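2 protein chains.
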Amino acid sequence: MNQIKRIMDTDPWLITSDELAITDRRLQESLTAIGNGYMGMRGNFSETYSGDMHQGFYLAGVWYPDKTRVGWWKNGYPEYFGKAVNALNIAKIQLFIDDQEVDLATEKLTDFNLSLDMAKGVLSYRYTARGVKVSAERFFSVDQLELAVFAFMFEAVDGKSHKIKVISSLDADVKNEDANYDEQFWDVLDIAANNTSAHIATQTITNPFGVPQFIVSASQTFAGDLTASDHATAEKSVSNTFETELSADSMATFEKRVIVTTSRDYHDGLDSVIAGNEKIVAEVIKADYMALYQAQVDAWAKRWEIADVVIEGSKAAQQGIRFNLFQLFSTYYGEDERLNIGPKGFTGEKYGGATYWDTEAYAVPLYLSLADESVTKNLLKYRHNQLPQAQHNARQQGLNGALYPMVTFDGIESHNEWEITFEEIHRNGAIPYAIYNYTNYTGDETYLAHEGLDVLVEVARFWADRVHYSARNDKYMIHGVTGPNEYENNINNNWYTNTLAAWVLRYTSDSLTAHPRPDLAVSADELEKWTEIVDKMYYPFDEKEGVFVQHDGFMDKDLRPVSALDATNDLPLNQNWSWDKILRSPFIKQADVLQGIYFFGDQFSLDEKRRNFEFYEPMTVHESSLSPSIHAILAAELGMSDKAVEMYERTARLDLDNYNNDTQDGLHITSMTGSWLAIVQGFAQMKTWQGKLSFAPFLPSSWTSYAFHINYRGRLLKVEVAENVTVTLLSGDALALEVYGEKVDLTSSYSVKLQTKVGGSDV
Amino acid sequence: MNQIKRIMDTDPWLITSDELAITDRRLQESLTAIGNGYMGMRGNFSETYSGDMHQGFYLAGVWYPDKTRVGWWKNGYPEYFGKAVNALNIAKIQLFIDDQEVDLATEKLTDFNLSLDMAKGVLSYRYTARGVKVSAERFFSVDQLELAVFAFMFEAVDGKSHKIKVISSLDADVKNEDANYDEQFWDVLDIAANNTSAHIATQTITNPFGVPQFIVSASQTFAGDLTASDHATAEKSVSNTFETELSADSMATFEKRVIVTTSRDYHDGLDSVIAGNEKIVAEVIKADYMALYQAQVDAWAKRWEIADVVIEGSKAAQQGIRFNLFQLFSTYYGEDERLNIGPKGFTGEKYGGATYWDTEAYAVPLYLSLADESVTKNLLKYRHNQLPQAQHNARQQGLNGALYPMVTFDGIESHNEWEITFEEIHRNGAIPYAIYNYTNYTGDETYLAHEGLDVLVEVARFWADRVHYSARNDKYMIHGVTGPNEYENNINNNWYTNTLAAWVLRYTSDSLTAHPRPDLAVSADELEKWTEIVDKMYYPFDEKEGVFVQHDGFMDKDLRPVSALDATNDLPLNQNWSWDKILRSPFIKQADVLQGIYFFGDQFSLDEKRRNFEFYEPMTVHESSLSPSIHAILAAELGMSDKAVEMYERTARLDLDNYNNDTQDGLHITSMTGSWLAIVQGFAQMKTWQGKLSFAPFLPSSWTSYAFHINYRGRLLKVEVAENVTVTLLSGDALALEVYGEKVDLTSSYSVKLQTKVGGSDV
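Line by line, the protein sequences are chains A and B.
Going by UniProt numbering, the first sequence opens with residue 1, and the numbers climb by one from there.
Going by UniProt numbering, the second sequence opens with residue 1, and the numbers climb by one from there.
Please note: incorrect hints may appear among the correct ones.
Since the list gives no way to pick one copy over another, a pair counts as held whenever it fits inside one copy or between any two copies.
[To be verified] Below are the DMTMM-like pairs computed for lysine to aspartate or glutamate, each with C-alpha atoms no more than 20 angstroms apart in a straight line: (1) LYS279 - GLU101; (2) LYS643 - GLU183; (3) LYS753 - GLU543; (4) LYS581 - GLU79; (5) LYS67 - GLU79; (6) LYS67 - GLU183.
Worth flagging that the hints you see were computed from the coordinates, not collected in a lab.
Quick caveat: nothing in here was measured; it's all calculated off a predicted structure.
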């Protein structure tokens, strides 16, 4: 299998290392990124670092539409690629010790440590250079989203005195890694400085698509022991200079507070964005550092109180799940209903867009269990709000109904490759599935009856237009799609897509019966047509292997297992093979047949699940970060505990161990729910089919215990799996559930001996 | 069917109109483009024209690699899109009558005429404005390729005197229609003017791919009756001013001669390109206008002497074939072996690249008949010279052997869409086919034995690596291709591609037997593998319809004829339908099964041909300019004379009648051989299988006669089809051939009565 690379220590709560990873600095920066849902940045040093690195600071919902360029334009192509643009560098300082600047890439450092404290949401680093010990600490405030704090302490440790000078900048002269010809995506609108503060306002460059230009205003104010000595403005940056004479064995603090406001929140142009900034500065400037810090620590503690998963027996597993939850919550915690969960969060600009089907398929199940119902409802409403754009997307293809985008910032498709945008239409199944999931999990039918059906009916209309009738087969078919397995393009009759399409039509019909909606004007003819499509949908099936066939033609491939490949020269395929070879190979990025079986787990026998798992798993390379978690869940259900644990480790430590050799570009945020799903839906076998909660846990042999909480229909439950399986009702009414198939009326706590042989029994 | 738009008069030798097509100016510009193989331009007026138009001047082999931009980069993608860049405007004048400038878009004009004389290669236009009659005439010299001449005559026709002022410019401030953000692709290197001449040198902007930057030097000198009065330089242009007082009823001439040299011919930097320019200026400046003009007329007369096809009874058909031959020869006449036949010639910048498979499949047969063997051999050598680049292209895909590019300037793939570049690999069949075609037509085996086998063996090695073995079917298959029918992408087992691949392997093996080449180190194992692939190649076939199947899955489509579509709202599909709908539809851009049957016409029975033609033709929309000619040829062979004539008209007048509603972007140069193929291989049924020449002509019912010449194995033949079919040996040795199946030993002339019922008999 793939080589792993682990550059940070294995610690339950810290992402830490005593090494400055000069040759893997980009990877280290990705792993130490922090954010607060509003903004965030890679773990760049504030100080100058002249080595290879990737300066990155990002603001949620701030983007640029870069025009699609192809040799031969066709109708229906999306007009642009929506880029998450790298914004200005707010962290920057230049540090001079005795008038000579510190460059962390070349300076001889001792006593180095870099540490991200996930419990607190604080990144710190320290080093000693030329007799001065420097300690830096930063956080993006969860309490005041526009605030970032960069604190430094300087200590003369060699018995001598030293002159310390700090030039603190806001620097908009930033490179974009995703630009092709080093274009810059920002213009500077305003710039100002005085002796104790500075300000810069920037705006994204013009575009021909009517996408708003974003104004970003950033200001810096200061606290601490240094003395302001100068300030300066340049074309694209602004700075303040502070100095002090550090006498032997003394220390001095320096604190930079940055406030960032944008035109997303202040709508009346540059002046309003600046005024908004100044207002927050005026409030924050008075605060004591420790008060700001404590608010941050408290806010994160509250998040962990519900969400933490405690694993005993494997530090690596423990660190993995916490890292994933930490980065997920750093990206999105449901505060702003205009936002969604970007694929790289605030950790890189590769990939465009802020919203993928990952949200519905992978994030919704986690937020349903770990947050208030309203958070999931906000995620659903995000799509409901964008129904007009989804109708526009369908119209672009000459089709009825609504086609939700594969990638978007505002509801309009913003990816630029046809094989993805109008072929990877399976998201038009996952989005309805999330409505079903919410309804089934919470028992709340009101969303379905109103906003839900608005969406479902338009999506059903899309599918009814998108299928075609094959007279020769007397079947409805879906040609020209790309399934979740993106290592195939433009295939016919992807089993997963066909399955979801028919399910949407049936679920919509059934929901309309339960919740009549004459205002949606679904005609009898339409309903009849939907029924006919459902009845005559074609599902590719192979009699010989007894498996659902990924798509027409798959069985004609040169079928062989991943184990036949050379782990060093072939894997990961996407870095070693041409796209041509990948497309034609039998190797699967993520097994979409198994994804479909996971979605509709109550509709397939264990025997069907096993046959398909045993057929597809050996050909799956898991080069989608979304892949291993589903395999972990199914393996657990099938009693293949070693495989389940292997898949858990792969999803939980995908970035920490750089499995796919691409974490240097940023973290895989949206798939980070996978490790939680693997534990809760996999190891603990939590199921909620037909509104009935059940567990059938197993304990990985290398662990001694694990425990987690879930919200379920107004209750807070704690599940502990050790020698005994204990389910405790922490709050809410008594609840009927099943543990290992035994009915339990839970009023306080229920405990049963751990079953060592679980899984593999039919549902 | 599609709507046609005919804006120019139907005349046997002229492309002419008395209307200045204000609303269709771009179309008119395309139709009146001229060139000399070295350079050329759209039929832009020299004078200011403020209306919608497309200024376009192009130099063969001068291009720019524009970096590929995709959302998700994959290995094997071509790095750039090679753009034929629009160069400076060399034709420009500003004309002032009585100090007021003439703007042809707004000026009230009388006596307007625009006329391209195809016999002479001269474009002229005239108009009268404010009492002055202006006559303009221009040509790109076939005799001196670097020379363009723009001549004007001014005549006072209203009994009054007029002041005439002309500002003649070389203007490098040119827009590129194919730029996305109005980028300019030229920098100005040098600029100079004196009172009687001016000069500008430009260079294509930098690129990160190591593609050479092209230097272009242009100079203008003058002749005629006007007096030099001023000159000026600007940032990107240079000009000379001339004036005269035109007394009542008098006339004055003004002549602008432009010399253009490039770094393609002068390799030692800017100075050498300028020095080369100055040397030619010194020679040309002495020449009399009439001498330059006569050289042009003579050169074109010589071309027409061999190539002209004379059609009696249909002015439209006559004009069509001449227009095609004229534009084809204006683009390429074999003088420069580094060049090939660009898809738009000098008529527009849409489409990149200079070389497509069109050359081998469509142009080679024409040049074999209408030019010296050496011209075709140069086209073949062009590919042989680029074998290292073709090996590079294969290596980019991780494959053995050589993969010729789909689109290129220099042998490296220069298109930027994966579904075209590494999927439309059928060109790796057409290029070997041209070697076979040359060998079979000329009887010359020496090219095959040497350069031919160098190419064939490497291409065979590619195919042997590109196929895969399907254990389930015990067959070799080719997945993941795009056939000549580009209205499908990433299909499996395209019958045409599979057929060509197996043919290449067999032809290469056979050729190696005939011409052993130990230096190519083809092992016995390799040959055995090739034989196994040939023996076990999978050819999709439908038992029910008795037809070869375009590709796996085609029969599952919603099959229906083009006649079921709405001609107004649906056609052309590529302008009315989304790419999604086109890909999934049964409608065919060009029928590649029929293309394969055409290539190997001696290997299929008439019954097979008829079944396939009758199955595919009704679903073919002919939105590839390459499509109708092949259908014309097969229809003629099958005795479907009406269909053959319909297809001829469509190919012959594709641009003149703007069938595909895109001629405004430029002409379809490479498909222009199609009308000649339709007449010679279609109507006259010329065949050359196994080195035996035969004819079986029919005469379209609306024509009274047609006649053409062909070169064949050292002979020049004339074929006349009227009440009799007459074949005359104009030069060369006696020749055995067949006419209507009768063996003829041709020594001077042979005549036989026209058969009114031909075609449809088995071969």
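So, going through the hints one by one against the coordinates:
1. LYS279 - GLU101: Close neither inside one copy (34 angstroms) nor across copies (59 angstroms); limit 20 angstroms.
2. LYS643 - GLU183: Classified as neither; 46 angstroms inside a copy, 54 angstroms across copies.
3. LYS753 - GLU543: neither (41 angstroms within a copy, 64 angstroms between copies)
4. LYS581 - GLU79: Intra 29 angstroms, inter 18 angstroms, cutoff 20 angstroms: inter-copy only.
5. LYS67 - GLU79: Close inside one copy (6 angstroms) and across copies (18 angstroms); limit 20 angstroms.
6. LYS67 - GLU183: both (13 angstroms within a copy, 13 angstroms between copies)
Hint check: violations occur at hints 1, 2, 3; the rest are consistent with the structure.
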